[in-house]
Amino acid sequence: MIVLFTDFGLAGPYIGQVIAVLTREAPGVPAVSLFADAPAGQPKQSAYLLAAYAAWFPAGTVLLCVVDPGVGGARRALIVEAEGRFYVGPENGLFEIMLRRAAFARREAQCWEIAWRPPVLSASFHGRDLFAPVAARLARGETPETMARSTVPARFADWPDDLGEIVYIDHYGNAMTGMRGEAVAAAARLACGGRTIAPAPTFSSVPPGMPFWYVNSNGLVEIAVNGGRADRLLGLSIGSTAEILAADA
Amino acid sequence: MIVLFTDFGLAGPYIGQVIAVLTREAPGVPAVSLFADAPAGQPKQSAYLLAAYAAWFPAGTVLLCVVDPGVGGARRALIVEAEGRFYVGPENGLFEIMLRRAAFARREAQCWEIAWRPPVLSASFHGRDLFAPVAARLARGETPETMARSTVPARFADWPDDLGEIVYIDHYGNAMTGMRGEAVAAAARLACGGRTIAPAPTFSSVPPGMPFWYVNSNGLVEIAVNGGRADRLLGLSIGSTAEILAADA
Amino acid sequence: MIVLFTDFGLAGPYIGQVIAVLTREAPGVPAVSLFADAPAGQPKQSAYLLAAYAAWFPAGTVLLCVVDPGVGGARRALIVEAEGRFYVGPENGLFEIMLRRAAFARREAQCWEIAWRPPVLSASFHGRDLFAPVAARLARGETPETMARSTVPARFADWPDDLGEIVYIDHYGNAMTGMRGEAVAAAARLACGGRTIAPAPTFSSVPPGMPFWYVNSNGLVEIAVNGGRADRLLGLSIGSTAEILAADA
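Heads up: the protein sequence lines correspond to chains A, B and C, in order. Residue numbers are given in my numbering: position 164 of the first sequence equals residue 164, and the series is strictly consecutive. Residue numbers are given in my numbering: position 11 of the second sequence equals residue 11, and the series is strictly consecutive. Residue numbers are given in my numbering: position 44 of the third sequence equals residue 44, and the series is strictly consecutive.
To be clear, the hints were calculated from the coordinates, so they are not data collected in a lab. It is possible that part of the hints are untrue.
The list treats identical chains as one, so a pair stands whether inside a single copy or across any two.
SDA-like mimics (lysine to any residue), calculated; alpha carbons at most 20 Å apart, straight line [claimed, not checked]:
id: 1; residue 1: K44; residue 2: N226
id: 2; residue 1: K44; residue 2: G228
id: 3; residue 1: K44; residue 2: R76
id: 4; residue 1: K44; residue 2: G73
id: 5; residue 1: K44; residue 2: Y172
id: 6; residue 1: K44; residue 2: P69
All chains, please: the whole structure from these sequences, using the hints.
Right under this line is the structure:
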């Protein structure tokens, strides 16, 4: 399966053109758009989202990852293999958190710089012209060595292991943070949007209109409101801070 | 074919993760998202929409239906077989109108409570973890008895057969009601958004800017404006009333 | 492959129902939605968008094209074959620019009026009931003659070859014009939204907040802002003018 993690937006021709390339170049391999609305042009926030959601897919999955504000500039194009999955995308930190967790798990990742170039490469749509054909080739069983050369990826060592910021706001107004549930004490309170947010196990366990946090179905700390929108109630957007309060605060 | 009827939203990872499960568990069975924006958290309005749109699909279709404000609570998980289609989803009224129409048609429905549980069941995403695997198994030919036990579903007898409320607003601003065209006299006028709305056969048969109602392509009474948006002109949202006026009103 | 070019919107049941028809009538043929948000009810602006994006698909592609404000009226339903691709949709100018370019390329197009009618044809959803089944039949190899009769399509000779208007605004707020890059001098400046817009090769080559134009990955002149939204900065919507300034302006 090829999984798309992009900031292309749901609307417009971008996802459709990428799916068309994948369908043509890797016939019979399902292509599924996971996020078309990753944090636009923000590789750092996207990196925490990607690490949490990619881990849900089985080994053998190819993830086509394009949050690429530097398209047309000098950033390199990468293939990464980690924990049995392939990742294809730009070298801008998007893979930093996933790489770090793979290394921590002592299953070291491998990385290649994509050397292959298509006959025609647009300046603005490498997702379609470069990354999608590479993802398709990997999905049909070609090895990275046929199109790329081994490299050491740039690392972003100053990024934290868990990010105390909002990295995604969903359809319901729920706000995901870049913190894993396992990194936050079960009873911890968060400071977010000028409020103190306590944990709750489910929506139905808090009164209507009250914000709370819980660990979402992909392991991220997420802030929600029973019967309301956390983003509006708390004035949240991508990058808003969500900090763990000291136990006696 | 597996058809998704959900309030997960188009954006974000929810539809993609469910499609990924279906593709993995029922390879080669097409999975199509019909509604990703059913009335959010509103099983009653959703029930009228589902009944109208499910009827369009042929026997053999599996409908994965998740409008589930009680996720994480005590509501049961159901399989329903009615008029040759399978439905999978929560027991909260979402299937009430479909069940009623199937019974009226003297093709009695069968119902099972899902007993199977996945190895890991998140608290908040039963659509992905519970309902999708069950839908996939039904789509590949397993019988309900292999994963569920026969039951009598809860009924919502006080809900009307046709609902005089807005149950969906589409991309164009057209507002669907929960009333079937066959339940409304062809010349009837509706009271909606403070206006009296007369019927018209097509958009082009009324002056620009005038609201009218017609029977949409799935049999629901729908309010539209030629060259405009009915939702904005009439101030409509999900649950706004749309009532049939007495003939002499 | 069957490619959808429509103004049905991403939300709601329209794309899903069309995909369901295509999947049932042409099993195994991939169906991809390219645009679900073509200019709503605006065949003229849509014609320039379609011509630019259809050209990217290989011969053999079937394009299901529905921007159809006249649905339910007297407009005819067409099949067009041009440069090896099939197009199916209403006769309202949507195919004008594509036809003109095919003719210019001396690969003359052929056109048929669809005579086939489905057992049930709704008044408002010919995309699902008429155009999708025809597209599916073409995709599985049936010839136009089995369902349509040769005709000469209506032409819209007063439309320009390149349209100095905004024809699409994407997820990022970038505004595509109906002008091909090859029709505009590389150093030309545009008058758009009360500003004078100069060209730039990439986003990263202009200061943040500055609007510029470039030739997008499908050959259209597109207006963008580095780190911002061109639509908001310049107050643009579909149909806003974007004119080439005289060289000494």
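Going down the list of hints, with the structure as the test:
Taking identical chains as interchangeable, the C-alpha atoms of K44 and N226 lie at most 20 Å apart only when they sit on different chains, with a minimum of 19 Å there against 29 Å within one chain. Within a single copy, K44 and G228 get their C-alpha atoms only as close as 28 Å, which misses the 20 Å cut-off; across copies the closest is 18 Å, which meets it. For a Cα distance limit of 20 Å, the shortest separation of K44 from R76 inside one copy, 17 Å, qualifies, whereas the shortest one across copies, 40 Å, does not. With identical chains, the CA atoms of K44 and G73 are at most 20 Å apart within one copy only, with a shortest distance of 18 Å there and 35 Å across copies.
In this assembly of identical chains, K44 and Y172 lie within 20 Å of each other by CA distance solely across copies; the values are 18 Å between and 23 Å within a copy. Proximity of K44 and P69 under a CA criterion of 20 Å is satisfied intra-copy only: 11 Å inside one chain copy versus 32 Å between copies.
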